[in-house]
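Model the full assembly from the supplied sequences, consistent with the hints where possible.
2 protein chains.
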Amino acid sequence: MRLALAQINSVVGDIDGNAARVVDWLERAREASADLVLFPELVVTGYPPEDLLLRPGFVRAARAAVDTVAAAAQGITALVGAPLFESGKLYNACFVLADGAVQTVYRKHHLPNYGVFDEDRYFEPANDQVLIDLAGTRVGLTVCEDIWIAGPPASELGGAGAQLVANISASPFHVGKDREREDIVRRAARENGVPVALCNAVGAQDELVFDGHSVVVAPDGEVLARATGFEEELLVFDLGEAGPVAPQVDDLEQMRRALELGLHDYVSKNGFGDVVIGLSGGIDSALTAALCVEALGADRVHGVSMPSRYSSDATRGDAERLAESLGIEFREIAIEPMVEAYTGALREHFAGRDSDLTEENLQARIRGTLLMALSNKFGWLVIATGNKSELSVGYSTLYGDLAGGFALIKDVYKTDVFRLARWLNERAGGELIPVSIIDRPPSAELRADQRDEDSLPPYPALDKVLEAYVELDRSREELSQDGFDADVVDRAVGMIDRAEYKRRQAPPGVKLRPKAFGRDRRTPITNRWRS
Amino acid sequence: MRLALAQINSVVGDIDGNAARVVDWLERAREASADLVLFPELVVTGYPPEDLLLRPGFVRAARAAVDTVAAAAQGITALVGAPLFESGKLYNACFVLADGAVQTVYRKHHLPNYGVFDEDRYFEPANDQVLIDLAGTRVGLTVCEDIWIAGPPASELGGAGAQLVANISASPFHVGKDREREDIVRRAARENGVPVALCNAVGAQDELVFDGHSVVVAPDGEVLARATGFEEELLVFDLGEAGPVAPQVDDLEQMRRALELGLHDYVSKNGFGDVVIGLSGGIDSALTAALCVEALGADRVHGVSMPSRYSSDATRGDAERLAESLGIEFREIAIEPMVEAYTGALREHFAGRDSDLTEENLQARIRGTLLMALSNKFGWLVIATGNKSELSVGYSTLYGDLAGGFALIKDVYKTDVFRLARWLNERAGGELIPVSIIDRPPSAELRADQRDEDSLPPYPALDKVLEAYVELDRSREELSQDGFDADVVDRAVGMIDRAEYKRRQAPPGVKLRPKAFGRDRRTPITNRWRS
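First to last, the sequence lines map onto chains C and X.
Residues 704 to 1234, numbered by the working numbering, are exactly what the first sequence covers, in order.
Residues 704 to 1234, numbered by the working numbering, are exactly what the second sequence covers, in order.
Just so you know, the hints here were simulated from the structure itself, not pulled from any lab data.
None of these values were measured; they are calculated from a predicted model.
Errors might be hidden in some of the hints.
As the list makes no split between identical chains, a pair holds if one copy fits it or if it spans any two.
Claimed, not checked - Simulated pairs of lysine-lysine, DSS-like, Cα-Cα distance not exceeding 27 Å:
1. K1167 x K792
2. K1218 x K1080
3. K792 x K1218
4. K1080 x K1167
5. K1205 x K1218
See below:
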């Protein structure tokens, strides 16, 4: 039997467009003489459709689109993910299309409702086994989570005669997820004693990236075929033979590709043309701009330097050199006139008070306002440049450096910002990002001689605490037992908890880590728990 | 049997404080000679604790606090809500405390996972019936949703010998929810042929308000006792006799009280002192300021007028008159110097371009920046003044009028803003809010002779469409069939869908409606569905 895994990029809500895309790739699979073609989970609606699923008209349109696709399924069988409304209940379903019609439907058993998932909110779980026979092969059907949960249905399909287990997925990315997913597929193949083929979605939806990496694994754990990550692909494979196996890439390269795909899809699916970035001469904005150029092309990226009296000649020069190196449009707008206007307007109100965080935030907000003005006038999307370390501890200004439509690197720790910048230079074979930017100690330059380390623990120590506290839910006590410096833990945990209100108003950005802020980590703002 | 319903206000995460509060009210119930006292659902952790429940240390601390409370339960039986971790699973539990110890535990059967609820994310459902005997009365236990779902366990407790059904709840408010809740209690009482006593939480947590309105209903549907709404109360009641029945209040008064409680608790639970509000002379900021004064007292509220060249003498005068009427501190900061500074800085960049929305947003962002500067310098919480109609269609400026820590009236339609303003004046017996503010046609005053109705459908028509589309999930097609003006529908629906990205960055505010923006309505930003 010849199998095709159509790892394609849907757009949430674009039911007609998605159906047309499915038909297009179905034709390609037929041209490749495939007997069976798998499409991703909920490919017709895009994943996750969230509360669109509560609108009856949306569910009806998705069902009608399945029939449209079915009409094209001639001389090939297709597994297509879409919602199914039946007897007053909604299911996350895998439609089996052949001979121009829906032949049967498998309904997902295990509904993930943790992390970024909310499937219990929309769907009913089912428990019927579905196996289909084609080209002399018996195929057992599953949808995504069904093979992640040990036991039935994933463990029982071999016993029911399956010679292949098919899984349609919309499995979102975090660093290393491709390997975790293959381990799961490997377990299912071993348990059933038959190959398992997983077709994953690719593309980005708001904060989530779907990384593709569709795969077929033999019962002995060997990878028989693997699609590449982060792009559309039709993986064609003859059962019982060796297929194409795309190489795996390391963590840094995964992050780079996920960030670029996440940005590209947010911009293009929302109909934006160009983006604009405030270039401070620091490493966060440098990395952000470099990623934007790779994702969109230099002619769609605009850099703006907005120096103040605290900006050094070195950072101003670096901002301009970066723009040159990236080949992007560059302009400079000094913020001093606005600083003076605000300072004058507030003088009598602030009389007798020392300069403090207020004056620092003011500069950041003037920059945010200027970027938004450029955005309004030219239709450019503002890309915010804050990283995960800053966002964790609240070392950022609401409506200032947090202003923007998309916060590209919000899930990248500062230590990874450095690693990624070096990796981009290594790939480019030169100083895509000037080395002076990478080597300079981080500073917000909002007052004289400021350094991040005046206000924060050193990033290597901070990032380790953040990972343990934010992503692994270790308590303050446990962190001390883990050997973390008690002072760093106390400072970090207090700052993280107090900054929740800022994160709520931050723009969306690409999820890269097992637990990002956002739908992964639902923490109350009003919260007196301090452990 | 003498029953006490302790309708108290917990703080999420404040386990020790909540436990102390429970012990305090338990003493009061004992002093009132109650045999049984009910506390709200998850009273020990506060509701909803969200992802704090994923931290083992948090769950352990809550369990330890139950033992602390149990030690105080002497000469009285108490029903106390807290999480229970047992055999690797977490339950939403009702602990029965008596004779200084935990006597037994009921675990919630039905876990709500729709609207604002995510209980499937945290808890396992249980299915064991628990009845306890005390003071010669057999009492069947339930937790919140257990009586909202028809059938067991709520329908079977009478058959199992219950002479009273007790329900501990954390049931959030929307307008009219007290009546809906009583209908549910009435059904449960009728089905079981015994009285049902529901003890609800009171107080606010981020966007949610818990309205209290604890109630005891007889099998014939008569309300035997009812606590008041929106404040703590110990409702004491002898089974078989008539108890105190607080009167119900109308929708407007409910909205007023919910808004004031929501603001009060957000401010006090997060440790803020004063608040600051930009006063435009328009009705949104006037209503917001008046509600803040009622919730916090005039000495904690600061008003700032920030006129531009487009501000009329009438609105400037009204802002000042409002501050006088409310007795709040007032200051004026003209924004013209900042407008000129920005305009000058952007002149060469905007050369050859017409004035447009950019210049309007700029004014709003200057005001947002000034308010945030006052907030930073004096520690005041900025209260944003946008209403639900504006937030729905995106008629608001990110980082401008949407800037703030709390958006008090974000779930109040513009037509209700007018009704509430008149109601506040009626209660005050005079012009708390100057009538000239209420009578003036709405304008953002961001350009010459601007009126909201130049850009938006008239509010009475718009609000009806918003309610149907946003809260009832009616499609564009259905709205036309419902008889709505097709042009209004098309304009409104397009604007609503496109404004999702703004709502994501809006501050939290009080949920008043059956479906608010936020956790009630989870809509993708990237979304091509347009029906």
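Item to check | Hints that the structure is at odds with (numbers, increasing) | outcome: Result: hints 1, 2 and 4 break, sorted rising.
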